[in-house]
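Participant: Letter by letter, the chains look like this.
Protein chains: 2
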Amino acid sequence: MNIEMIRAAAERLAGHARRTPILTSPFLDVIAGRRVFVKAECLQHTGSFKFRGGWSAVSALPAQALQKGVIAFSSGNHAQGVALAARSHGAPAVIIMPADAPAVKIANTRALGAEVVLYDRTTEDRDAIGDRLAAARGLTLIKPYDEPQVIAGQGSCGLEIAAQMTALGVTSADVMVCCGGGGLTSGIALALAADAPGLRARPVEPEGFDDATRSLASGRIERNARLSGSLCDAIVTPQPGNLTFPIMQQHCGPGVVVSDDQALQAMALAFDRLKIVLEPGGAVALAAALFHPEASEGDAVIAVATGGNVDPAVFLKALA
Amino acid sequence: MNIEMIRAAAERLAGHARRTPILTSPFLDVIAGRRVFVKAECLQHTGSFKFRGGWSAVSALPAQALQKGVIAFSSGNHAQGVALAARSHGAPAVIIMPADAPAVKIANTRALGAEVVLYDRTTEDRDAIGDRLAAARGLTLIKPYDEPQVIAGQGSCGLEIAAQMTALGVTSADVMVCCGGGGLTSGIALALAADAPGLRARPVEPEGFDDATRSLASGRIERNARLSGSLCDAIVTPQPGNLTFPIMQQHCGPGVVVSDDQALQAMALAFDRLKIVLEPGGAVALAAALFHPEASEGDAVIAVATGGNVDPAVFLKALA
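Protein chains in written order, with full-length UniProt numbering: chain A, 1 to 320; chain B, 1 to 320.
Treat the hints as calculated values from the structure; they're not laboratory data. Virtual Cβ for every residue (Gly too), placed ideally from N, Cα, C. One or more of the hints may lead you astray.
A short, non-exhaustive set of chain A residues, derived as facing chain B with CB atoms under 10 Å [what the hints assert, rightly or not]:
#, residue
1, Glu4
2, Ala8
3, Thr24
4, Leu112
5, Leu274
Work out the full structure, taking the sequences as your base and the hints as a guide.
Facilitator: Rendered as C-alpha cells:
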C-alpha cells in the first residue's frame with residue numbers, strides 16, 4: 001500500500017468519480033470556534049465515498065476477471081458503490097445481502113444492475129454462500145476496506161482534500177474522518193502525508209463502537225464488544241483492518257468519539273447550514289469538528305461528510 | 001444589460017461565490033426518460049443563488065457608496081445574500097422585513113451582520129420606511145431582480161452551466177430555471193445565448209403563480225391574481241420585471257408550470273437520490289424536468305436547483 005497506488009486509482013477515477021466540493025458556513029464556524037471545512041462526499045455517486053473504492057477495485061481487474069464479474073458482501077453503501085462501478089465497466093456484480101435488509105436497499109442495489117443474493121442470517125453461512133458462488137462463476141471478491149485497491153480508491157478523496165485545502169490556503173489542520181474498518185481513514189491519511197503533511201487524519205467513531213480509537217491508544221487491534229445497536233450502522237465494523245490499522249498507526253492522530261445525539265445534531269446543522277443530507281454514520285466527523293473543539297488545535301478543522309443514505313424516518317428524528 | 005456585464009460580475013465573484021456542482025443520478029434519469037443534470041445552487045453561500053446577485057451589486061458600488069451601506073427589502077434569500085455580501089465588503093446593510101417574518105429568518109439575517117428593521121404589514125408603508133432610511137443615511141437600494149448588477153450576478157450561474165455542460169458533452173438541451181421576478185432566468189438566458197447557444201432557458205413556476213409563463217405566451221407583462229398561498233413562496237412575485245421580461249422574451253423557451261405536490265416530490269427525490277436539501281420554490285425546475293418530460297425534447301435536460309432554505313416542518317411534509 002503506497003501513495004503511487006492512490007495516484008493511479010485517482011487517474012482511473014478521473015471523469016468518473018465526482019470531485020466533491022468543500023462547503024462552509026459562518027454559522028458552523030461560530031459553533032466550532034474555528035473555521036470549519038466540510039468535504040461533502042455525500043454528493044459522490046451512490047451517495048457515499050464507497051463508489052471510489054468500488055470503482056478503483058473494479059477498474060484494476062484484468063479483462064478476463066472483469067468479464068467474469070465481482071462479488072461483495074454488503075447491505076449498504078459498499079453494495080451500491082460496487083454495483084454501479086461494475087455496471088459502468090460492463091461487469092456482472094453479485095451482492096450478498098441478509099434477507100432482512102431494508103427493502104429499499106435491496107431494490108436500489110438491483111436497480112444499479114447487480115444480482116442480489118439473499119441469505120438468512122440465523123441459519124445460513126454468508127461466507128460459504130459467497131465462496132461457492134465465487135468458485136462456481138470465477139467471481140472476484142471485493143472486500144469493503146481491507147483491500148489495497150479499495151484503500152487506494154478512498155485515498156483519492158484525500159488527494160482532493162490536499163489540493164482543495166492548499167488552494168484555500170489552509171495547510172495545517174486536523175481532518176476528521178468517519179471511520180468504520182478504516183479504508184477511507186487510512187487512504188486519506190496516506191494521501192495527506194504525501195501531498196499536505198500539515199493536515200492530519202483523525203478517525204471519528206460513535207460511542208460504544210470505538211475500536212479504532214482504542215486500538216490506536218493501546219497500540220494493538222481491539223475489537224468492539226457488540227456489532228449492533230448503533231444509529232451509525234454504516235460505520236460499525238468488528239475491528240480495524242489488518243491493512244488499514246498499521247497505516248492509521250503511522251499517519252493518524254488519536255481517535256475522537258461522539259455520541260449518537262451529537263451525530264443527529266450534526267445532521268440537522270448540515271441540513272440547515274450546508275443544505276446537504278447526511279446519514280448518522282456520515283455525520284460523526286462533522287459532530288467531532290463542531291462539538292469536540294478540545295480534540296484539536298489551530299484555527300481550522302476539516303470534516304469529511306462521508307455519506308447520505310439515510311431513511312426518512314431517521315432523518316426526521318434528526319430534524320425534530 | 002449585456003453579456004459583458006455578466007462576465008465582469010463573474011470576475012468579481014471569482015473566489016467568493018462557490019462554483020456549484022452538476023449532480024446526476026441514474027434513478028432520476030429513469031423517471032425523466034432522459035439524462036437529468038442538476039445544477040446544485042442550493043450549495044451556494046447562504047443556501048441560494050441570491051448570494052451571486054447580492055455580491056455582484058455590492059461589489060459594483062463606488063467606494064463612497066459602499067462605505068455608507070446598502071438597503072434591501074426581503075424576508076428571505078435575497079436578504080441573506082445581500083447581508084453576507086455587504087459584511088464581506090465591510091459595508092453596513094439594512095434589511096427591511098415584515099415583523100411577522102419567521103423568527104429564524106430574522107435571526108439568520110442579523111447573524112450575518114445586517115441591521116434588521118421590522119415593519120407592521122397592516123399599518124406601515126414598507127417603501128416609505130425604506131426611502132426615509134436610505135435618504136437619511138445615503139444607503140443604496142439593492143432590488144431583488146429588476147436591477148442590472150443583480151441580473152449580471154445571477155448570470156454567472158449561467159456561465160458556469162455553459163462551461164460545465166460543454167465539458168460533459170451536452171450542447172443541446174433545455175435548462176429549467178425556478179422563476180420569480182426573472183433575475184436568475186434572464187441572467188442565465190443571456191449567458192447561455194453567448195456561451196452555449198444550444199442550451200435554452202425555460203422559466204418554471206408553481207400553479208396559480210405563473211406570471212412569467214403567461215406573459216411569455218401573451219407577449220406582454222401579466223400579473224398574478226394573488227401573492228400568497230403558495231408553498232413556493234420564495235419565487236412568488238407580482239409580475240416579471242421590466243428589465244427581465246424583454247430578456248426572457250428574446251432568449252427563453254415557453255414557461256413550464258408545476259403543482260405544489262410535484263415540487264414536494266422533487267424535494268423528496270433530491271433528498272433520496274442527490275443528497276441535497278431543496279426548498280419548494282427551489283425544486284420546481286427539477287419537478288419540471290422529472291414530471292413534465294413532454295415539455296422538452298432531446299436526450300438530456302438540465303434543472304437549476306436554486307435554493308435550500310426550508311423549514312424542517314415543510315421538509316418533513318415532502319418526505320412523508
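Participant: Let's test the interface hint: is any C-beta of chain B closer than 10 Å to that of Thr24/A?
Facilitator: Status holds, d = 8 Å.
Participant: A closest beta-carbon separation below 10 Å is what the hint needs, so does Leu274/A meet it against chain B?
Facilitator: holds, 7 Å
Participant: Answer holds if the nearest beta-carbon of chain B is closer than 10 Å to that of Glu4/A; otherwise answer violated.
Facilitator: violated, 28 Å
Participant: For the hint on Ala8/A, does the least C-beta distance to chain B fall short of 10 Å?
Facilitator: Status violated, d = 23 Å.
Participant: Take the shortest C-beta to C-beta distance between Leu112/A and chain B; is it under 10 Å?
Facilitator: holds, 7 Å
In this structure, the hints that do not hold are numbers 1, 2, in rising order.
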